[in-house]
Amino acid sequence: MHFVVCLKQVPDTSEVRIDPITNTLMREGVPSIINPYDAHGLEEAIRLKEKVGGKVTIVSMGPPQAKEALKKAMTFGADRAILLSDRAFGGSDSLATAYILSSAIQKIQETDPIDLVFAGKEAIDGDTAQTGPGIAQRLDFPQLTYAIKIQELTETTVTVERKTESGRQIVQAQLPALITVEKELNDLRYASLPNMMKAAAYEPEVWDVKSLSFDTKKMGLKGSPTSVSRIFAPPGRSGGEIMDGTKDPAATVATVVQKLFQQNIIMVNPLAKGGKS
Amino acid sequence: MENFDVIVVGGGPAGLSAALSAAQAGMKTVVIERGDYPGTKNVMGGILYTKATDLIVPEFWKEAPLERPIIEQRIAMLSGDESILAGYRDPAWAKEPYNAHSVFRVKFDRWLAQQAEKAGVMIIPETIVENLLYKGDNVVGVRTGRAEGDLGAKVVIIAEGVNNFLAVKAGLAKPLKPESVAVTVKEVIALPKEKIEDRFCLDEGQGATIELYGDSTAGMMGVGFIYTNKESISIGVGAILQPLIRNNWTPNDLLENLKSKPYVKRLLQGGETKEYLSHLIPEGGYTQVPKLHRQGVLVVGDTAMLMNSLNREGSNLAMISGKIAGEVAAQAIKTGDVSDQAMTVYETRLRDSFVLKDLHHYRHMGKFFEENTHLLKVYPKLFSQAVKMYLTADGTPKKQRQKEIIKMAFEKRSKGGLIKDIYGAWRALL
Chain X
6 MHFVVCLKQV
16 PDTSEVRIDP
26 ITNTLMREGV
36 PSIINPYDAH
46 GLEEAIRLKE
56 KVGGKVTIVS
66 MGPPQAKEAL
76 KKAMTFGADR
86 AILLSDRAFG
96 GSDSLATAYI
106 LSSAIQKIQE
116 TDPIDLVFAG
126 KEAIDGDTAQ
136 TGPGIAQRLD
146 FPQLTYAIKI
156 QELTETTVTV
166 ERKTESGRQI
176 VQAQLPALIT
186 VEKELNDLRY
196 ASLPNMMKAA
206 AYEPEVWDVK
216 SLSFDTKKMG
226 LKGSPTSVSR
236 IFAPPGRSGG
246 EIMDGTKDPA
256 ATVATVVQKL
266 FQQNIIMVNP
276 LAKGGKS
Chain Z
42 MENFDVIVVG
52 GGPAGLSAAL
62 SAAQAGMKTV
72 VIERGDYPGT
82 KNVMGGILYT
92 KATDLIVPEF
102 WKEAPLERPI
112 IEQRIAMLSG
122 DESILAGYRD
132 PAWAKEPYNA
142 HSVFRVKFDR
152 WLAQQAEKAG
162 VMIIPETIVE
172 NLLYKGDNVV
182 GVRTGRAEGD
192 LGAKVVIIAE
202 GVNNFLAVKA
212 GLAKPLKPES
222 VAVTVKEVIA
232 LPKEKIEDRF
242 CLDEGQGATI
252 ELYGDSTAGM
262 MGVGFIYTNK
272 ESISIGVGAI
282 LQPLIRNNWT
292 PNDLLENLKS
302 KPYVKRLLQG
312 GETKEYLSHL
322 IPEGGYTQVP
332 KLHRQGVLVV
342 GDTAMLMNSL
352 NREGSNLAMI
362 SGKIAGEVAA
372 QAIKTGDVSD
382 QAMTVYETRL
392 RDSFVLKDLH
402 HYRHMGKFFE
412 ENTHLLKVYP
422 KLFSQAVKMY
432 LTADGTPKKQ
442 RQKEIIKMAF
452 EKRSKGGLIK
462 DIYGAWRALL
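Keeping their order, the protein sequence lines are chains X and Z.
In this text, residue positions in the first sequence follow the numbering used here: the first is 6, and each later residue adds one.
In this text, residue positions in the second sequence follow the numbering used here: the first is 42, and each later residue adds one.
These are calculated hints, taken from the structure and not from any lab test.
Treat the hints loosely; a few may be bogus.
Said to hold, decoys possible - Chain Z regions said to be covered by chain X (calculated; three or more residues, Cβ under 8 Å): (1) 159-165; (2) 186-193.
Unchecked claim - Counterexamples of contact, computed for chain X against chain Z with all Cβ distances above 10 Å: (3) Ser19; (4) Ile26; (5) Gly95; (6) Lys112; (7) Ile113; (8) Thr251; (9) Phe266.
Bear in mind the structure is a predicted one, so any value in this text is a computation, not a measurement.
The beta carbon of each residue, even a glycine, is placed where N, CA and C say it ideally should be.
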């Protein structure tokens, strides 16, 4: 089987700070990492490859230094890594990015039919969660989002357990399909030394705008309808209130409940019998 | 198991220099580094000497990420709020062939690793070497902490840094002792470049250094430093671990103490702390240098205790030792003889170079300061008082003032004590 993993190099947001005056990200000196969700997608692809055989191809779009993320990704035991890098891609929003990535996947597909595409549920630098579904749409693949478990993979179908806001769902799709993944899906591996050495010697392929028959109107700033009107840092959270419950626990609980009502955090269910309000 | 000619354990200045010179001599070479990439785990005060680095990568200054060429070196002796200053400045040092630059290891070592890669060196990051591999008595490679983690080699160069776990396991070095290692902490404090240049009287792009003695280490054996970077100042202080423990000082307390000194405070004013770093420095000196070689193994850099703290030289000793080790390894492999006997060439070449000559020259220094703890307590105060008396214009005739200064000195330290100290210092330092 052929697994494709979409992967993005992102700033390690746990180390990014926001300039209090300009409200822009202070990226200087901040290390770049593989988007953590994408790493779990890659891990799953490698596990499936180890189970059923086949190969794993990684695709990424980014500036030339994103090669580092791809080399690191190769340590997992992937077979091929392609970086889509061109000035013309710069400034792309999630719509344009999905277009570029899906075009590249289509080209890969021409010579090497694809069974499953993995993507992280979102990138930690943008949190949009749009690119994965956007790629599926353009490839006309069924999309299974927020996967926490691959239940079954057959020659023609994949069955996935997905996380929803209200619980879990088990869904099945025909192959080829695209899956976006949560971190719960798996634990990342500690690469073996032979794979580290293969990755150290590996040079990712770089595809530019001329490598594909792109519609340049659909990429970069021109192809990106998203506009950022304002960036601001959310105000810091004020500390919570602490009440001493040692003296009169009953009275303290009553006060807490009252406060929760006042702030509309809890309310009386109007349908419940015997309720008063 | 994959086989190499040379495995270098550790991607610091010594290891990368060793790998580079081995690869340039045609050896299949790999560097195994524990950090995300070479540089991430590497710390030093921040001065890189041109001459030694030029031998590793000719004309490195044209490309390497450097901060500022150092044109002025000041020495400050602190005593309470007082300071005695001396220094040397030569604007010619801002131009080729330079003398030294301030650098950030994390940037510079990454660049140096890229030069090594260009020469054909393979770099395996995020990997720890747990042990040497033996076949009978012979070292034949290393065992890493990864799955299928054995690697074969004809020569292993141990460049693991001050924490000498592997060298100890191999029976070459002894575990570090609190009296032969210093702990140094450093902050990188951001300031606009114009402010830095104003405060240190520098033309654009030029750099200065200050070494601070005396109260900077609260009477313990050690030194403080201030180095100018492009848009920040590195300030740090280090002291031998044993007196720190004995006097119940933490390195951070020392740094805060130094930062609060009037002379220092003014230089840092308005800056924002960007980074906090800490590292051990091997200060054992000549007598603590481990066994530098055995069959199939060479020991370089900090692991080999190659550190001249008086002249704040370490990375240059590391790089030169690495370069020599790489060359000796290549030579031994080419002749097919990696026996302990063949490896002695490495030690001989170190002895013929400034590296071991300088260590030998200062061999009594550590012991001298260790045995004379009063030195760092008495003299900063004595000197600053003497200078103050000499410079204070209060109508006292100069002849009388000079007599007073001599009298004051003898009150603080007896005539015999003074002579003993001067003789001791002469022997230890000159």
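**OP:** Return the numbers of the hints above that this structure violates; sort them in rising order.
**Re:** none
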